[in-house]
Amino acid sequence: MTLALAVHHGMEITAAERSPASVSTWKTFDRQQECIYHAIRTDLPKGASIYIDPNGGYAAQILAELSTLWAVPQPAPTSAGWKISEVPGIACSGVSLKVSRT
Amino acid sequence: MIRALVVLIVGLALPGALPALAVVRRSPVIIFLAPFIGATMAAVAAELELGTNGSLVMWYVIIAVATNMAVAAWWLVTRSSLGRDDPPWTWFTFTAVVMLGAMIVPLTGLRAPMLGYDVSAIWLPHTLMVSGGHQAMLSGLQNVTTANPDYPPLVPAAGALAFAFFGRGDLYIAELITVLLNACALGIVGMGIAAVGSKGSLRLRLIAIVVAGTMCMVGFAVAGDYAVDGYTDLLWSAAALGAVIWGLVLPRSNRAFITAWICVAVASLTKNEGLTAALIVLVLITLRYRPLALVRFRRSTRHPENRDNTDVRTSMTIRGWAERAAFILVPALPGLAWDGLAREVGLKNAFFGAPSTESPGARFGPAIDGITSHLLVLPIAVAVFVAGSALLRRDRELNALGHAAWLWMACLLYLSALLATYLFGSLEIHWWLRNSVDRTTIFPQIALYTDLSIWLVIGLGTTSRGDAAPGISRTRPGSPGRA
Numbered sequence: 001m002t003l004a005l006a007v008h009h010g011m012e013i014t015a016a017e018r019s020p021a022s023v024s025t026w027k028t029f030d031r032q033q034e035c036i037y038h039a040i041r042t043d044l045p046k047g048a049s050i051y052i053d054p055n056g057g058y059a060a061q062i063l064a065e066l067s068t069l070w071a072v073p074q075p076a077p078t079s080a081g082w083k084i085s086e087v088p089g090i091a092c093s094g095v096s097l098k099v100s101r102t
Numbered sequence: 001m002i003r004a005l006v007v008l009i010v011g012l013a014l015p016g017a018l019p020a021l022a023v024v025r026r027s028p029v030i031i032f033l034a035p036f037i038g039a040t041m042a043a044v045a046a047e048l049e050l051g052t053n054g055s056l057v058m059w060y061v062i063i064a065v066a067t068n069m070a071v072a073a074w075w076l077v078t079r080s081s082l083g084r085d086d087p088p089w090t091w092f093t094f095t096a097v098v099m100l101g102a103m104i105v106p107l108t109g110l111r112a113p114m115l116g117y118d119v120s121a122i123w124l125p126h127t128l129m130v131s132g133g134h135q136a137m138l139s140g141l142q143n144v145t146t147a148n149p150d151y152p153p154l155v156p157a158a159g160a161l162a163f164a165f166f167g168r169g170d171l172y173i174a175e176l177i178t179v180l181l182n183a184c185a186l187g188i189v190g191m192g193i194a195a196v197g198s199k200g201s202l203r204l205r206l207i208a209i210v211v212a213g214t215m216c217m218v219g220f221a222v223a224g225d226y227a228v229d230g231y232t233d234l235l236w237s238a239a240a241l242g243a244v245i246w247g248l249v250l251p252r253s254n255r256a257f258i259t260a261w262i263c264v265a266v267a268s269l270t271k272n273e274g275l276t277a278a279l280i281v282l283v284l285i286t287l288r289y290r291p292l293a294l295v296r297f298r299r300s301t302r303h304p305e306n307r308d309n310t311d312v313r314t315s316m317t318i319r320g321w322a323e324r325a326a327f328i329l330v331p332a333l334p335g336l337a338w339d340g341l342a343r344e345v346g347l348k349n350a351f352f353g354a355p356s357t358e359s360p361g362a363r364f365g366p367a368i369d370g371i372t373s374h375l376l377v378l379p380i381a382v383a384v385f386v387a388g389s390a391l392l393r394r395d396r397e398l399n400a401l402g403h404a405a406w407l408w409m410a411c412l413l414y415l416s417a418l419l420a421t422y423l424f425g426s427l428e429i430h431w432w433l434r435n436s437v438d439r440t441t442i443f444p445q446i447a448l449y450t451d452l453s454i455w456l457v458i459g460l461g462t463t464s465r466g467d468a469a470p471g472i473s474r475t476r477p478g479s480p481g482r483a
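So the protein sequences, as listed, match chains A and B.
For the first sequence, the numbering used here assigns the number 1 to the initial residue and increments by one for each residue that follows.
For the second sequence, the numbering used here assigns the number 1 to the initial residue and increments by one for each residue that follows.
In short, the hints are calculated from the structure, not lab data.
It is possible that some hints are incorrect.
What the hints assert, rightly or not - Which residues of chain B face chain A? A partial, calculated answer using Cβ under 7 Å:
no. : residue
1   : Arg111
2   : Pro113
3   : Leu124
4   : Gly132
5   : Gln135
6   : Val218
7   : Val382
8   : Ala383
Stated by the list, open to error - Computed list of chain A residues with no C-beta within reach of chain B, every gap over 12 Å:
no. : residue
9   : Arg18
10  : Tyr51
11  : Ser96
Glycine included, C-beta positions come from ideal geometry on N, C-alpha and C.
Chain A extracted, bound-state conformation:
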């Protein structure tokens, strides 16, 4: 009985994961990531020292991830040549990459 209840719980989780709303949300997120990934490689020179404001939360983590192997994140803006952030926009399915000199 305990095992059956656990399996039932798992089926509910899976159903929620593959619901149309969930699939749509995550596919949009996937598109945004791919677009930002390419934007970083287009808008910044390879090896650029960048600062990503840690207060940006999850978006900041995403930027750090997507800039890996292309740019070098710095702990403070003073040591960085560029500052990047993710802002609302239309370039990448609802968001855009903002790049500025520090």
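Keeping the supplied structure of chain A fixed, place chain B upon it in accordance with the hints.
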């Protein structure tokens, strides 16, 4: 998904196939063990990439070729053949189909390309760094902005292999590899449960396989979204549990022992808490295979004339402890090597940095509440353990299965280590628990569900003991049955 399967099969399972065949012969667990061996070799390659020079692919090819040549040479020298007592191909196929079928439903969650927070913050950056070669890996992990740089390299290495196959254009493929390795880990757990009934009647074997498939689904259910969004906690948890089942539950054999070793290596190379759990399980496996009373037993029963010979006694004692040390250190070596390497190159640990402002006493209550809130299966598991030990202990012993207390000891020791981590770690306790305890308790949760599954198989085997075939029964094989 097809491309991730190609990487799993061609990149990980194929290089691990011959070593896996040497270990488990024609057992269906080979399907899941081969990718595990491949992933372990990839992790060791990443260690060498960081510690010396070169790229992951270069080291991976060297390690895979050397390992396969060593296994082939061993096979030629020992003239070993596939065991005659291995299950027939039809049974092999049936077991594999049921286990793989049980995973299909949970894996349909991949229809939504979910990406966990830690995957973006930790695992994908690490994967890209491993993929970039020695210098990129070293400088990337040493960068102060990199999160949890000391995390072990198995998952990043497996993902980096995927990038080597298909390029870095699709980062999601690395996450898919993690999910497939999660499935392999649960597959090894399931195959262990199926093996509990493998020597029994047809009915019992079928029951064991159905329970094993159910347990795979339970594993996915316990982990929830973490099973399919790239988190690695299910991977190390299920790998450690695989080691518990193959090393502490199934009858003692070289096959079970080495399978447990491989599972331990995977757990220790996946995450820091996986290394802790791996060491705990390794000590227990060693104590089961080389009990502390063994030397004294040998001396008094086999060589009573040596009872007063101090040199022989000392020699045997030293040999016994040397074996125990080797049993722990050999499989733990890759995980311990990463730990040492991370310290050597100055990779910081996020959990034991500056001392916490909260005292261990103040952290104790929230930590206990947080841990126990995820152990809802505990009361049922305790009840089944007590009832099973009282009513079915003899069935367990007659079939050479390990005492159920081994699994419980692994659970309790891990929970003690987890509690100590929360008590003496440096992060703010409420935030830390909120962000981790549902993942750090996956191992004890699935272990307790597995204990239920094993007792279920034993219990159902007892009720079907009138069948002619040997297996879970109250009669010793070869001895007259009870009236």
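Hints, one by one, checked against the model:
1. Hint on Arg111 of chain B holds. Least Cβ distance to chain A is approximately 4 Å, under the 7 Å limit.
2. Below 7 Å, beta-carbon pairs count as interface contacts, and Pro113 of chain B has one with chain A at about 5 Å; its hint therefore holds.
3. For the restraint placing Leu124 of chain B at the interface with chain A, the shortest Cβ-Cβ distance is roughly 5 Å, inside the 7 Å limit, so the hint holds.
4. Among the interface hints, the one on Gly132 of chain B holds; its C-beta lies about 5 Å from the nearest C-beta in chain A, closer than the 7 Å criterion.
5. Interface restraint check for Gln135 of chain B: the shortest CB-CB distance to chain A comes to about 11 Å, outside 7 Å, so the restraint is violated.
6. Against a cut-off of 7 Å between C-beta atoms, the interface hint on Val218 of chain B holds, since the closest Cβ of chain A lies about 4 Å away.
7. The closest approach between the C-beta of Val382 of chain B and any C-beta of chain A is roughly 12 Å, which is over the 7 Å cut-off, so the hint fails.
8. At about 10 Å, the closest approach between the beta carbon of Ala383 of chain B and any beta carbon in chain A exceeds 7 Å, and the interface hint on this residue is violated.
9. Here Arg18 of chain A does not stay apart from chain B, with its beta-carbon only about 4 Å from theirs, under the 12 Å limit.
10. At roughly 9 Å from the closest C-beta of chain B, the C-beta of Tyr51 of chain A falls inside 12 Å, breaking its exclusion from the interface.
11. The non-interface label for Ser96 of chain A is consistent with chain B: the shortest C-beta to C-beta separation is roughly 18 Å, beyond 12 Å.
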